[in-house]
Every structure is written in C-alpha cells, then in structure tokens.
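Dock chain B against the given chain A, drawing on the hints supplied.
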Amino acid sequence: MSGTLNGKAAVTGIGETAYSRGTDKSSIGLMLEASLKAIADAGLHPKQIDGVIPYSLGPVAEEIMTGLGLEDVRFSVQTPMGGASAVAALQAASMAIAAGVCNHVLLVLGRRGYSDSRVATRLAAMPQFRLISEFENPIGAIAPAQLYAPMARRHMEMFGTTTDQFAEIAIAMREHAILNDNAIMQKPLNLEDYKSARMISDPFRLFDCSLESDGACAVIVSAANIAKDTRAPVTILGVAEGHPRSPSTITQREDMTTLGLATAAPRAFDMAGVKHKDIDVAQIYDCFTYTVICEIEDLGFCKKGEGGAFVEGGRIRLGGELPINTHGGLLSQAHIAGMNHIYELVRQLRGEGGRAQVKDAQIGLVTGYGDLGDGSIAIMQGAS
Amino acid sequence: MSDGYIKPLPEPSIDSQPFWDALNEGRLVFQACGDCGKLRHYPRPICDSCYSDQVDWKPSDGKGFIYSWTETHHPFHVGFRGETPYILITAEFEGGVRMQTQLLDAKIEDLKVGMPVEVVLMRATGDLTLPLLRLA
Chain A
1 MSGTLNGKAA VTGIGETAYS RGTDKSSIGL MLEASLKAIA DAGLHPKQID GVIPYSLGPV
61 AEEIMTGLGL EDVRFSVQTP MGGASAVAAL QAASMAIAAG VCNHVLLVLG RRGYSDSRVA
121 TRLAAMPQFR LISEFENPIG AIAPAQLYAP MARRHMEMFG TTTDQFAEIA IAMREHAILN
181 DNAIMQKPLN LEDYKSARMI SDPFRLFDCS LESDGACAVI VSAANIAKDT RAPVTILGVA
241 EGHPRSPSTI TQREDMTTLG LATAAPRAFD MAGVKHKDID VAQIYDCFTY TVICEIEDLG
301 FCKKGEGGAF VEGGRIRLGG ELPINTHGGL LSQAHIAGMN HIYELVRQLR GEGGRAQVKD
361 AQIGLVTGYG DLGDGSIAIM QGAS
Chain B
1 MSDGYIKPLP EPSIDSQPFW DALNEGRLVF QACGDCGKLR HYPRPICDSC YSDQVDWKPS
61 DGKGFIYSWT ETHHPFHVGF RGETPYILIT AEFEGGVRMQ TQLLDAKIED LKVGMPVEVV
121 LMRATGDLTL PLLRLA
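Chains A and B, in that order, give the protein sequences. If you read the first sequence in the numbering used here, its first letter stands for residue 1, the second for the next number, and so on. If you read the second sequence in the numbering used here, its first letter stands for residue 1, the second for the next number, and so on.
Next up, chain A with everything else stripped away, as it sits in the complex (with noise of 0.2 Å):
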C-alpha cells in the first residue's frame, strides 16, 4: 500500500504576506492576497484552481472561492487538526490529485493571531477542546502552555533533559529569523536573554513559547504531470497524518511523550524511500521548544530521550548537519500554524532560501503537530 502517493504531486506555487503583530487587513483579505501571489507563482491563473483547502479555524471555502471568482472547484474539504492541519492538508491534496479529481489544490491559512482574540480564549470554543474545556479549564489549565509544560516536564524527568537544550532551539529559530526579512523576531537572543525572561508555565518561559502574529500564507499543490511545466516543481515524495493514543485529552495518554508524528512518520519515510540521512533541511513545527525535541525522536532522528542532546553542538543551525527551521520557526518567523514551514521547505529546495539557504538542499522534510497530539510529515524533493 505505502508508496501511492509518491510522485503524485508537487507544490508548484508558494505565496505568503507580510507577518506582523498588528495589521488593518481582514483574515479573508490576507488569505485572498497570499492565495493570489501563490497562484501567480504558480503560473497559474485563479480559475485553473479546482480543489480548496482552509485551514479549519477561520474563514471557509466558499469565501475564497467568491473572493477568487473559482467557477469550477471539485473538492473542498478541512483537516481539522490545529498546528498538524497545513502539512495534513498537502496528504489530503494530494489523494484527491493522484484520484484524479483535481489539478490543481489551494491550500491556505490565514488569521489574526495577534489583532483577534487571543490563543486563551480561542481554546475554549473549539470542540476538539471540550474536555480539556469542561475538566481543566476550570482547575486553571487553560492555555497550550500550561497543557503543554506537563509533557515537558515529563520528558526533562524521564530522560534528564534541560531548559538550556530547549534554549538552544529558541536561539537557533532567532538566528534563522534574523537572515529573513519577512520574520517578526529581529533582535538576536542570547542564554542570559533566555534564561532571564519571564516564566510563562515553568518549564516553559517566554522565549519557549512561540508568537502570536497577523498574516496568511498558501501553498498550491498540482498534479505531478503538468507540474513538471511550471518554473520550480517540489515533489512530494512521502506524506502522512497520524494521531495520539486519546487525542482529546493529553492527560489519559498512555505515554505523554509519544504524539501522533510517531505513527505517520514511518509510513511518509516507507512511502519516500529515503533515509533519515538523506534530509539535507527539515521544517519541524515549534509551538514551544520542547515539541521540537519530541518531533525530533519521534521523526527516529535519535532515540526517544535523546533529542534533547540531538539539538546541542549547532547541529540545527545553519551550517549543522541538520538544519531545522531555516525561516524562523513559530518561534521567531511568526505563527502561520505551519503553512509557513511548507512555504519554507519549498523555498530551500529550490535554492531560493536567500541568506538562509542551507547549501545543495535536494531533500527535506516538513511537520505540523496540533490541537494536543496531532501529527503531519511531509518529505519532498526539488528539482535537480
């Protein structure tokens, strides 16, 4: 079965606005304006797209489709998973292209991260949260951060892991951040600016946590055959979605160290037919720190336990052996709930990663984790 999808289809077009902490834009409109500038690098014009994809909090598919003037779109679906929706998103687009529904798939987020309501109070509302709403909202555990920390905790207990480890991923993302013009996190950051800023929910301080910003970012996804015309095809080689023992709730997890990535992973590899040792670049998303080691081991880089000492030595920065993030991250780009990842990925295998390229980037890979425990992987290749 593993292998279907594999060659099926390839990003042809990326779009992103600016990211900031404050905007005079709708959600609509920064969706509208990303999803254009995706369109036209594409090639494309806005009424060759046949299948949508929103992200699954915020504006839906038939307001893209007006404000687009789409005549002609065959499948529109979600993939309501929080930070994992983007990446599962580019497996949904891709079954419904290697189905031969679609040629062509916008997938886009957009949101008011920072000018609408908060991460706190968003939570609440959403009904994957309900359990966490009636059992842990009212004890006082309300935010990701403080849902969060426990698996933190947990995985610093188990295995001797440290804040200066997830220190070290806050300063990379920062160093990354600063080589790009479009990432809200300019001022370099250092240990002593890590370990003096405030404690959000301890492990977590504020340089753990990842930001709250304005902006939209899409992602066109077309059938291998006629990508193979476009200016920069990115090919998906191996993609996956998988999901946590008891999603709904962190605390019933048999293992709050293991999330959903651990079971999708080997499958997206399986179907790429590559090795670990052939991802020059990854794209991991990084709500807080500490995810990032979790993702690692669960992506098999190393060892569950290990990822703390996986991250250490400038491994992940530029110029490491594996470099994660190269746009910033959630933690110093801006949070596009990791449709900027795909954005980034599918810069540096085309070798337009600017100041940031990490060198012959062939292979790399992208991840989304979400709404408690979700995972998504996808692996692609560029052009050669």
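Keep in mind that the hints were calculated from the coordinates and are not lab data. Take these hints with a grain of salt, some might be off.
Stated by the list, open to error - Cross-link-like lysine to any residue pairs, in silico, SDA-like; alpha carbons within 20 Å at most:
#	chain 1	residue 1	chain 2	residue 2
1	B	LYS63	B	GLU92
2	B	LYS7	A	ALA124
3	B	LYS112	A	THR162
4	B	LYS38	A	THR162
5	B	LYS112	A	ARG154
6	A	LYS303	A	ARG350
7	B	LYS107	A	MET199
8	B	LYS58	B	ASN24
9	B	LYS38	A	GLN252
10	B	LYS112	A	MET156
11	B	LYS38	A	SER248
12	B	LYS58	B	PRO12
13	B	LYS112	A	GLY160
14	B	LYS7	A	ARG118
15	B	LYS7	A	ALA125
16	B	LYS63	A	VAL274
17	B	LYS7	A	MET126
18	A	LYS195	B	GLU109
19	B	LYS7	A	ARG154
20	A	LYS195	B	PRO85
21	B	LYS63	B	ILE87
22	A	LYS304	A	GLY160
23	B	LYS38	A	ARG154
24	B	LYS112	A	PHE159
Stated by the list, open to error - Some chain A residues close to chain B (C-beta under 7 Å, calculated; not the full set):
#	residue
25	GLU136
26	PRO138
27	ALA149
28	PRO150
29	ARG153
30	MET156
31	GLU157
We treat Cβ as the ideally placed atom computed from N, Cα and C, and that holds for glycine.
The following block gives chain B in isolation, referenced to the frame of chain A:
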C-alpha cells in the same frame, strides 16, 4: 447560581454529570466499565477496551501520585489573575486514570515524579465542587 465567580465553569454532559454530582455530595468517583471493570477518565459513553456501554461509578480513595507538573506564572484567564503562580499536577490514580488539577500548599522545587498526593474537595460555587490535590 455562581454570583461573583469568574473562573471557567464546567459544562457537564450526559456522560459526565454523575462525576460532578458525586463531587457535590463529597465523593470522588471514577467511571468503570460495567462489564470488564476497566477504569476510565474523563467520563465517556463506552469502554475503549471491550466496547460495553455499561457504566459503574467506582468510589476512589483519592490517593494517587505525581506523573508530571507545571507551575503557571502567566494569568491566562481573569479568574486566576490573583492566584499566580499556581501548581498544576498531572496525577495518576488507581487503574491508571489521571487528572490534571491544582496542588495546594506546595513548592515546585520539592516535586518529584511518583510523589504521593491526595484529593481534597473544594466547594467553588453552590453547585460546583472541584477536586484539588495536596501532598499526601
């Protein structure tokens, strides 16, 4: 019913109402499968092991141990603004069921995985009793 109480209130479901009712009567109960006996929390309609819809509510002695924790410093909700920092424990009880709730009267630097805790019931409003924890 809850004049002046500004913290988030639970919205019990058909499946969870007996849990909250028992707390109001001063008892901690966990849901157990009426057929195979497997304990589960948070309450839900069927057993994920044998798929029976038969439910027993099993009294708990409230004794458990620390699985993990966090200490919250940033007030994410207006109702907790005056209480930071506060400790949230993921506690494990008999049968492997867990709860995340506040630990009272403790210091974060003293906490360890496996440390014993016990539930104390705290009347929050006229019709809400919350299960909190103390070190045992």
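Consistency of the hints with the structure:
1. LYS63/B / GLU92/B: Holds - the C-alpha atoms of GLU92/B and LYS63/B are around 9 Å apart, at most 20 Å.
2. LYS7/B / ALA124/A: This hinted pair holds, its Cα atoms lying about 13 Å apart.
3. LYS112/B / THR162/A: Answer holds: LYS112/B to THR162/A is near 16 Å, not above 20 Å.
4. LYS38/B / THR162/A: Cα-Cα ~36 Å, so violated.
5. LYS112/B / ARG154/A: Measuring from Cα to Cα gives roughly 10 Å; hence the hint holds.
6. LYS303/A / ARG350/A: 31 Å, violated
7. LYS107/B / MET199/A: 15 Å, holds
8. LYS58/B / ASN24/B: OK: LYS58/B and ASN24/B at ~16 Å, within 20 Å.
9. LYS38/B / GLN252/A: Roughly 14 Å between the alpha carbons, so the hint for LYS38/B and GLN252/A holds.
10. LYS112/B / MET156/A: 11 Å, holds
11. LYS38/B / SER248/A: 19 Å, holds
12. LYS58/B / PRO12/B: Satisfied, since the Cα-Cα distance of roughly 18 Å is no more than 20 Å.
13. LYS112/B / GLY160/A: 13 Å, holds
14. LYS7/B / ARG118/A: 18 Å, holds
15. LYS7/B / ALA125/A: 15 Å, holds
16. LYS63/B / VAL274/A: Violated. LYS63/B to VAL274/A sits at ~49 Å, over the 20 Å cutoff.
17. LYS7/B / MET126/A: Answer holds: LYS7/B to MET126/A is near 18 Å, not above 20 Å.
18. LYS195/A / GLU109/B: With Cα atoms ~17 Å apart, LYS195/A and GLU109/B stay inside 20 Å; holds.
19. LYS7/B / ARG154/A: Violated, at roughly 27 Å.
20. LYS195/A / PRO85/B: 18 Å, holds
21. LYS63/B / ILE87/B: 18 Å, holds
22. LYS304/A / GLY160/A: 12 Å, holds
23. LYS38/B / ARG154/A: Distance of about 25 Å is beyond 20 Å: violated.
24. LYS112/B / PHE159/A: 14 Å, holds
25. GLU136: 5 Å, holds
26. PRO138: 5 Å, holds
27. ALA149: 4 Å, holds
28. PRO150: 4 Å, holds
29. ARG153: At 5 Å from the nearest chain B Cβ, ARG153/A passes the 7 Å test, so the hint holds.
30. MET156: MET156/A check fails; min Cβ-Cβ to chain B is 9 Å, beyond 7 Å.
31. GLU157: 5 Å, holds
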